[in-house]
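**Q** Protein chains in written order, with the numbering used here: chain C, 2 to 315; chain B, 2 to 315; chain X, 20 to 674; chain P, 20 to 674.
Derived from the structure by calculation, the hints contain no laboratory data.
Heads up, some of the hints might be wrong.
Here are the computed distance ranges between Cβ atoms for each label pair [as the list claims (entries may be wrong)]:
(1) C/311 to P/436: 25 to 35 Å
(2) C/294 to P/201: 28 to 38 Å
(3) B/264 to P/437: 46 to 56 Å
(4) C/240 to P/507: 53 to 63 Å
(5) P/630 to X/286: 52 to 62 Å
(6) P/455 to X/657: 25 to 35 Å
(7) X/137 to B/309: 18 to 28 Å
(8) X/624 to P/630: 38 to 48 Å
(9) P/201 to C/311: 14 to 24 Å
(10) P/640 to C/306: 34 to 44 Å
The model shown is predicted, which means the values in this text are computed figures rather than measured ones.
For glycine and all other residues, C-beta sits at the position ideal for the given N, C-alpha and C.
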Amino acid sequence: MATVTAPSLTVKDFKSEVHNDWCPGCGDFGIVTALQMALAKLQLAPHQVVVVSGIGCSGKTPHYMHTYGFHTLHGRVMPSVTGLKLANHKLTVIGVGGDGDAYGIGAGHFVNGGRRNLDITYLVFNNDVYALTKGQASPTIKKGMKTKSMSEASIMEALNPVALGLACGYTFVARGYALDVKHLAELIAQGIRHRGSALIDIFQTCPTYNDLHTKTWYEGKDKSQSRLLKLEETDYDPVVHHPSDSGEVSRKKAQALLKSEEDSERLPIGVFFKMEVPTYEEYLRQKGVLSEEPQATLDTIFRRDIQPLLDALA
Amino acid sequence: MATVTAPSLTVKDFKSEVHNDWCPGCGDFGIVTALQMALAKLQLAPHQVVVVSGIGCSGKTPHYMHTYGFHTLHGRVMPSVTGLKLANHKLTVIGVGGDGDAYGIGAGHFVNGGRRNLDITYLVFNNDVYALTKGQASPTIKKGMKTKSMSEASIMEALNPVALGLACGYTFVARGYALDVKHLAELIAQGIRHRGSALIDIFQTCPTYNDLHTKTWYEGKDKSQSRLLKLEETDYDPVVHHPSDSGEVSRKKAQALLKSEEDSERLPIGVFFKMEVPTYEEYLRQKGVLSEEPQATLDTIFRRDIQPLLDALA
Amino acid sequence: MPGASFSWMIGGPQGSGINLGAEILAKALSRLGYSVFGNIEYHSNIKGKHSYYRLRVADFSVRSHLDEVHLLAALDEETLLGDLYHEFPAHRGHVERVAAGGGILLEPEMVERVKERLGNREVKLCPIPYSEMVGKALTQAGKGGQAHEYRIMNNTAALGASAGLMGIPFEPVAEVIMSGFGGKARRVGETNVNCARFGYEYAQKEFKGLAFRPTPRPQRASSDKQIMLKGYQAVGMAKLRAGCGVQTYYPISPATDESVYLEEHQNKYNLVVLQTEDEVSAVDAAVMAAHGGVRAATSTSGPGFALMPEGLGFAAMTEAPGPVVCLYQRGGPSTGLPTRHEQGDLRFALHAGQGDIPRMVLAPGDLSECFYDTFDAFNYADRYQLPVILLLDKHLATQYGSLPAFDMSGLRIDRGELFDPAQGNGDYYRYRFTQSGISPRAIPGQEGTIFWTTSDEHDQVGHITEGIGNRLTMMSKRMKKMALVEAEIPETKKLTLVGRDDAPVLVLSWGSTKGAILDALARFDPDHKRTSFLQIRLLHPFPAQRVAWLLKRAAKVLCVESNYSCQLASLVREKTGIEVHHRVHKYDGHPFSEDEIVAGLEAAQQGAGEEILLSEGKVVGPTYGREQVEALVELREKFGRMAPPLVPLPPGYNR
Amino acid sequence: MPGASFSWMIGGPQGSGINLGAEILAKALSRLGYSVFGNIEYHSNIKGKHSYYRLRVADFSVRSHLDEVHLLAALDEETLLGDLYHEFPAHRGHVERVAAGGGILLEPEMVERVKERLGNREVKLCPIPYSEMVGKALTQAGKGGQAHEYRIMNNTAALGASAGLMGIPFEPVAEVIMSGFGGKARRVGETNVNCARFGYEYAQKEFKGLAFRPTPRPQRASSDKQIMLKGYQAVGMAKLRAGCGVQTYYPISPATDESVYLEEHQNKYNLVVLQTEDEVSAVDAAVMAAHGGVRAATSTSGPGFALMPEGLGFAAMTEAPGPVVCLYQRGGPSTGLPTRHEQGDLRFALHAGQGDIPRMVLAPGDLSECFYDTFDAFNYADRYQLPVILLLDKHLATQYGSLPAFDMSGLRIDRGELFDPAQGNGDYYRYRFTQSGISPRAIPGQEGTIFWTTSDEHDQVGHITEGIGNRLTMMSKRMKKMALVEAEIPETKKLTLVGRDDAPVLVLSWGSTKGAILDALARFDPDHKRTSFLQIRLLHPFPAQRVAWLLKRAAKVLCVESNYSCQLASLVREKTGIEVHHRVHKYDGHPFSEDEIVAGLEAAQQGAGEEILLSEGKVVGPTYGREQVEALVELREKFGRMAPPLVPLPPGYNR
Ligand SMILES: Cc1ncc(C[n+]2csc(CCOP(=O)(O)OP(=O)(O)O)c2C)c(N)n1
Ligand SMILES: Cc1ncc(C[n+]2csc(CCOP(=O)(O)OP(=O)(O)O)c2C)c(N)n1
Ligand code: SF4
Ligand code: SF4
Ligand SMILES: [Mg+2]
Ligand SMILES: [Mg+2]
C-alpha cells in the first residue's frame, strides 16, 4: 500500500470518462463504485494505484477507473500483479477479474500466487458464469445448477473460493456482495490496508446470464429475509492473533472453512480470515534484494560493478 | 476401476525390464513397488491398467511398470488422465507425478480436475523439490526451509496438499510414505477401489537433494519415535457417511484440515477424507452421453445419422 | 454479369437480437429459391454496442457481401450515424454506405439528422414507428403497454417492413418465424408474426419500391432444395459424421459456437463434449483421448491456440492419432479484436511447437469445404498419427449461406494401421521402424500387448533413449510421414484452380477469401479469360511443385489474404522462391467484400505497387494513417457530441 | 594449419562430478596460457547415466571440439564400451574414438575387455588404480577406508594423472583446486590436491608420453589474461550489467543454470529473481515488470517457450519495453532430449503468437556475443518497446571457453523515449501516433499522468476500440517499428562476414555453430581464399537485402545448422528467394565438431547432394536408417550383455 499524498480525493477522482458497456443492471457497476469509494476513503493518489485485470466482462474494469490501468490476459491477474509489484513495491496494486479468470484458467497462478503473500489485493467478480463468452458454467457454479445460459446442469463440484484461498495461503480472505456497495467498499479498503495478499471474492449478479443468483435472490426479496449475513454482525473472529502459533492458524482456517460452507440459508459475507505475517517484499528487503527505493526507480542498478564476477573467472 | 479378469497375478507381472535410472536410495523405488503390489492385490490385468505420468524423476514411473504407460508433459497429469478416461472409462487409470508437477505447473489442472471426480487415482510424489531440474524449491517446501540444493531458504508459504485436495473436490484424500511400502500399497489399493478421484500425496525421500526430510528423519531414527503416525491406528474416521448432508461434508473436511496440519511432531499418514458420490462418468452415463461400452470401442459412433440435423436447416 | 443481387443490412445494439431477425429473413428468402449470403459484425460486448447483419440475395450462388447497401434497416442512432460520442469514434454510421436509389428504414425521429448527413445524396428515407408496431402486436396478444420490455421485437417489425419493401410474399416469413416456436411457445410466435405483418403492411402501404430489388426468383428444381447453415455447424456436423468421440474446448469467440452446437447434441450422439479449465488442458485431454482410441478434437481461437503448442508437440512426438484442432482465427494479436475477422494465424499454425514436428494444416474455403475437410481431417489424423490443424476463421464460422445439402455417399472412415493381436505380444513395438514410417497402433485396454509412450525421445518400444542412431532414425521416421501425406493425398484436396491454368493473371489465396474472390471474378472476368483463381487448401505439407508450376505460367500473381504481413505470400516464397507481384490484403477486422476484391484487381490492372491494402470497399493504401483517424475526430466535432447508447444502472448508483 | 591442439575426454556416471575435474584442468591449462574449449554431454538423469566432458587445448583461439580423442580418462565401463546392456543400446563407448597414438586412462580390471574391442588399433592403455589413490589421500587426511564414499574423488585422481600424461606442470592444477576451497574447507582441498598429485606422479612414473601432446605454451602477453566462462554466465553478467531489475524463470534444462547463477548474486546486486509456478506466469510477470518500469527478462527452453506465445503477444500488443526472453534451445520436439543440443526453435521463435506482432530475434554465436547481444537486447526492448528473443542453446550455455575479459567501455544504456511530466497530463496518450511509431512511455506510479493498457486493440489513450481507421493505424504503428529497427541497428550487429565478400564458397549459419565453422575454416581454408563465413546474428527483422547480395556473389552456399528441417535455409529462401546449394545439418542432439564441418565442406566440394547430414564426425546421409540402429543391437549380441551401472536400492526392496 502506497503512502497517502493527496488530500481530499473523492469518488469522482477515480472515475474515468470512458463509455461503460456493461449490461444494464450488471453487478460490476457496484464493484467498480465500491473500489472507487475505497480508494477515496484511503486517500490514495490515482497515480499511485494500478488496477490490473484479466479478460472477461470484469476485465474491463480498469478502463472505468481513473488510475493506472492494465487490462491483461485471461487468467493472468496474479502473474501480472506479481511482476508489477516486484518492479515497484510502492504501488498500490489491485487485481480484478472474473471467477473463470481466477479459479478456472487462472487457478494455477491463483494457488501459487497466494503462497507468495505479496502486498496486493485481489477482487474476484464471482457470477458463476463465463459471462463475456456468453454464460458457460464457471468453476463456482454449484453441482446440479443450471443458469438460463447453460444447456445442461453442472455435473462438477463447485469450488468454494474461501476454502481454496485458505488452502493457498492468502492471508486475508473475505467475501463481499456487489450490490451492497458500502459494505463492499469497506471490505476493499480493509483488503488494501492489509499487508499481504488479500482475496475478496464478490458475489456478483449477472442479470444477462445468471437467473439463479439475482439481486432478488441475494437480497431475499422472494422471501422474508436477506440471504446474506454480515459476519461482523456476529461474534465471528477472523483474526489470527498469534501467527506463530500454527495450531491457532489451523483452527482459524478450519473455522473459516466451516463458516463459508455453513448451511446455505444465509451466506456469510465479510472477513473470514486475517493474519499478519511478513510479506514477500519484506523478505526480499531483509535479504537485500529489494531496497527501500523500488526497482523501477533505483538508478544504481544501471551502475552495477560486475568486475568481481569477471575476476572470479580468471 | 476395471473388472478383475486374470487370476493370480503377482508383483512381478507388473514390473518392466527397463533399466531404472533413479538415484540409489530414492524413495521413488518404494512408490513403484507399492503400486505394483496394489495392482497385484487387486488382480488387475496389466492391459487394463494405464499409468500416466508428468515430467520429473517421478515422471519415469510408467517405464518401470508393466502396464500401458504414458509419460506425458510436465504438469499435465490431470488433463491426460481425463482425456484417456473419457475415451475409455473401463480402464483403470492411475496418474503419477511430482509435487512440482502436481501443485506447481499443474496446479490449475489439479484444482479443476478434482472437481470433476472422474474415477481415477492420482499419486503425487512429494519430495519438496523439483528433483529432475536439480533441486529447486517445490510448492510443498515449508517457509524458512532450505535443502542442500537450494541457495536460500524458502520465503513462501508451503501448500498443504491435503487442504488443497479437499478444497478442490477430491473425494478420497490420503497421505502415504514412500518407504513404508506395505502401508502405501494398501492406501493405493484403496484409492483405486474408491469410485471417484482419489488423491494420495506421498512423502518421498530424495536423498540427492533433500537432506531435511530423509528416511532417518521420517522414521525418527534421530530420536525415539517415528515422525509418522498411522491414522488407522487412531480413532480418526475419514468417511463421510451421508454425502447428501452438506454439514457433515464440511465438518469432515474441517476435521481433515486440522488433522493434516496438526502439530508437526507426528505427521499423520493414511486416509484423511473419503466420500462416495456419483462420478463424472456416471453422470455422463445418466445423460446418455456415455454408453456401457467405452467410446473407444463403440462402433455405432461411426454410423451416426446426421440427416435430422441437416433437415432442420432447410 | 452473372445475375443481380440485392444487399440488405440491419443494425442495432448488440444483444437486441438483430441476428434472429436477419436469419428469419434469410431463411424465408432461401425457401423462395434465392441464393442468400449472410454476414454478421459485432463488438466484443454483451449488450449495447453496435452490431449489424448483412444479407445479400441473388439469383446466382452468392458467396460474399457487397459494401454498398440497398436497404438499411436501422434500429438505433448509431447504426445510422456512427459512434461520434466517443473520444475516438470508430465509425461514421452506415448511412454513408447506402447506394443512391437505396432506402433506409428508420425511426421517424431520426429522419432530420439523417437528412443532414445525407446532404444531397438520393436515398429514400422510410420512417417507420417500430415501437408502435410492437405495441400493436402486444396489445393483440394481451400484453399492451409493455413495448419497452420487448424492444427485441423491433427486429421483427423491421424484418417485416424489409420484406414488404423488397416485395417478396409474406407467407414464407411467417412460416419461418413459426418454425422457431413449437408447442407452448406458439402464442409468442404468433405475436411475432403479427408484429412482422404490421411492418410488412405498413411498408407496402407507405413506401413505393426501391430502385433495387431482389431479382426474380430463379426456378430451382425441387431436387435443388437448399439448406442454410453456418461454418461452425458444418464443422460440427462433420465431426459427428466422422465419429468423433471426444471434443474438448475452453470457451472463446469465435470458436465456442461449434462446441455449444455439439454440446446440444451430445446426449443423442454419444459424443463427450468436455469443457476444460483452459486450452492447455483442452489440447492435452484431446491428445490423450486420441491415444485412448477415440477420434478426438478441440476447437479454439488464437489466444487459446497460443496455449496449445505444448500439446501439439506432445501429440506429434508420441504419434497420437490426432487431435483435430479447429483454429478459428480472429483479429490479433493478443486478445486483439475478439469478435472480428482475420487470417493472421497461418504462420503460427505452421510453426507452433519447439523443434521439428509433423503436422498437417488444412484451410477450407467455404461452407461445404468446412464439412468435407473436417471429415477428412480425422482420417488423416488416424492414418498418419499426427495432429491436424484446420484453419478456420470468424468469417467462415459465422457466415450464413444457402447451399445444397452435403453429399455423404463418398465418405469413408479410415482408422489407419492398427495393431493386430494375432501378431502376439513379444514383438509388438508401438514405434516400430517401418517402411512407411507408420507404426500400427494398439489401444490401451487392448489385450495381447501393452505399450509405453513418452514425450522424450524414445526407442521403438517407447522407452526413453538418447542414443544417436535411434535419434536420427526416429526423427526421420516421424518427419517422413510428411512425404507420405504429400504422396497420398489427391491434388484435388490440396488445391483448387478455377479457370485456365495459363491465364495471365492468377489470384492466389487460402481460406475464407474464396467466396469474395469467386464472386469478384464472376463480375470482373466472368469467363475466366484473363484471370484464374488458385486456392491452396492444404497448407502443410505445401503442394510446392504444383503451385510453382502454376505461378510461373502467370504473368501477374495477386496474393489475397486477411492479415498484415501477407503470410501466404511469404510461405509461397519460402516454398517456391517465387515472389508474387501484388500482395492484396486487409487487416481491419472485417472480411473481404466482392467490391474490395474487384477494387484490388482493378488497382493491379492499373499498375498499383506491390502492396494493395483494402478496407471499407476500396484501396486505402499501402499506407493508411493518422489523417484518416483524425478525419473521424473532426467529423465528431462537426456533428457534435452524440448520445451514447443508454445503459440504465441499477438503482442506488451514481455513475 | 593455424596451430595444434590436444583433445582430452573424461567420462563417467552422471552425478560423479566429472565436470568438476574437467573444469579444474581447463582452468589450470588456461592459466598456463593455453586456449581451452570445453563441452559437456550428459543424459537427462540425476545419477548413474553416462556423461562425458571434452576439453580441447590449443595454442590458437579454439572454439570447438574434435571428434577424435587423444587422451581418454574413463571412470567407468560405459565410458569405454558403451551401454550394450540396453535392449536398444545408445552408444558403443568412446574407445572407438581414441586416435591411433592416443591413450586411455582406465581401471586396471578393464584392460582386457578394452583390448578385445580395440582389436589391432594402436592405442596406449594406461591402467591406473583410482581408488587406491583416493584411499591414499584419505588415509593421509585421517579418513582411510572410506574410499567408496568418495568415489567422486576418482575424478581428482584422473585429472591429476591426465595432467601428468600431458606433461604440464602440477602447480597450477593444485592452485586451481585450492581456489575452490576457502576457509574451513581448506583441508578437504588439500586432500583433493594430494589425490591429484598421486595421480600425477603415478602417470609420470608409469607411462611414457603420448604421440599427442598439448603444443608448447603460447607466449600470451600479460595483458592477455583470459577468463574461462560459460555461455549462461556471459548472459547472466550482461543482464546484471544492463541493469536488469527482475528476472523470472521456471526451472528447465538448459536454461536454469543462468537463473541460478543470477539468484546467487541477487542479494548483492538488487536483482529480483522470481521462480514462478510455470512459464505462462514467468513471461507474463516479466512483461508486467517491464511495464512497471524495470528492465525485465525471463529464461527458458523449448518446452517452456511453448507456454509463452501468449505472453509474447501481450508484450507486443501493449508495447511493453521487453521482456528479454532467453530461449536456450535443446533437443526437441516436445520434452525431446532435455539435456542435449539443437537449434530447432528458430521458426517457432519467429512466429510464436497469434496474429502479426513486432518482435526481435537475436542469435549470438559465441561467448562474447552472448554478453554483448544480451546487453543490447535490453536497449532494443526499451527503445522499440517490444519483446526481444535471444536464441541461445545448450551448446552455448554450457560450453566452457577461454577468452579475453569483456571490454565494457563502449556499453551505453538507452532507455528509449520516456514521458516527460513537464508536458502535463491532459495530453498524454500512452499509444500516441508518432512519426517513428514509438510513443513515449510513462511508468506507473509516475505523477502527472496515468494511462491505460489493454491486450485488446486500443486507441491512442489505451482504451478498447474496434474502429477500422484506428485499427489500421495502430496495427501499422506497431509493425512499422520493425522498419525502424532495420534502419537503426548497425550492420555489424546484424551479421558478420568472415573472409572476402566474393569468395566462391559461402558458409552461411546462425548461432552456436560459429565456433566449429571458424575452426573448420581455419583448417580447411586458412586464408579464406575460397571460403567465407556469413553469420546471421539478427534473425528478425532479417537483413534480407545484404544477405541476398552476398549470397548472389557466391557460386556455392552451404547453410549449416543443428536441426532437421534446415530452418535458416527456409528463412533465407522466404526473405530472398534464394535456395542454398547445400543444407548441411545435424540433429542428433550434439553440437557440430570441427571435424564434422570439415567433412561437410569436403562432401560439398566432392559434389554431394543438396542435403548433407552429419553425425559422429562424418557425413552419414541424407538418409540414416534402421540398419545403423540394428548394427548396434548386433554389437550387443557379439559382446554379450553388459552390467548396467549399479544402483544400490535402499534396504527392503526387491527389484
Ligand atoms: C486464453 C483465452 N482463452 C479464452 C478466452 C475467451 N474468454 C474471454 S472472457 C472469458 C470468460 C470470462 O469469464 P470470467 O472470467 O468469469 O469473467 P466474466 O466475463 O464473467 O466477468 C473467456 C473464456 C480468452 N480471452 N483467452
Ligand atoms: C513446461 C516445462 N517446464 C519445465 C520443464 C523442466 N522440468 C523437468 S522436470 C521438472 C521438475 C520436476 O519436479 P517434480 O514435478 O517435483 O518431480 P520430481 O523430479 O521431483 O520427481 C521441471 C521443472 C519441463 N519439462 N516442461
Ligand atoms: S453479461 Fe453479465 S457480467 Fe457481463 S456485463 Fe452483462 S450482466 Fe455484467
Ligand atoms: S534426484 Fe531425488 S527424486 Fe530424483 S531420482 Fe534422485 S533421489 Fe530420486
Ligand atoms: Mg464470471
Ligand atoms: Mg518433486
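**Q** If a hint holds in the structure, say so; if it does not, say that too.
**A** Hints, one by one, checked against the model:
In this structure the supplied range 25 to 35 Å holds for residue 311 of chain C paired with residue 436 of chain P, their Cβ-Cβ distance being about 32 Å. Separated by about 33 Å at the C-beta atoms, residue 294 of chain C and residue 201 of chain P satisfy the suggested range of 28 to 38 Å. For residue 264 of chain B and residue 437 of chain P, the hinted distance range of 46 to 56 Å is satisfied, since their beta carbons lie about 55 Å from each other. Against the hinted window of 53 to 63 Å, the Cβ-Cβ separation of residue 240 of chain C and residue 507 of chain P comes to about 58 Å, which satisfies the hint.
Between residue 630 of chain P and residue 286 of chain X the CB atoms are about 53 Å apart, so this pair conforms to the stated range of 52 to 62 Å. Taking the beta carbon of each, residue 455 of chain P and residue 657 of chain X are about 31 Å apart, inside 25 to 35 Å as hinted. The beta-carbon spacing between residue 137 of chain X and residue 309 of chain B, approximately 49 Å, falls outside the hinted interval of 18 to 28 Å. Checked against the hint of 38 to 48 Å, the C-beta distance between residue 624 of chain X and residue 630 of chain P comes to roughly 42 Å, which is consistent with it.
Separation of residue 201 of chain P from residue 311 of chain C is about 19 Å and conforms to the stated range, judged on CB atoms against 14 to 24 Å. Distance hint check: the CB atoms of residue 640 of chain P and residue 306 of chain C are about 51 Å apart, inconsistent with the given range 34 to 44 Å.
Hints 7 and 10 from the earlier list are contradicted by this structure; the remaining hints agree with it.
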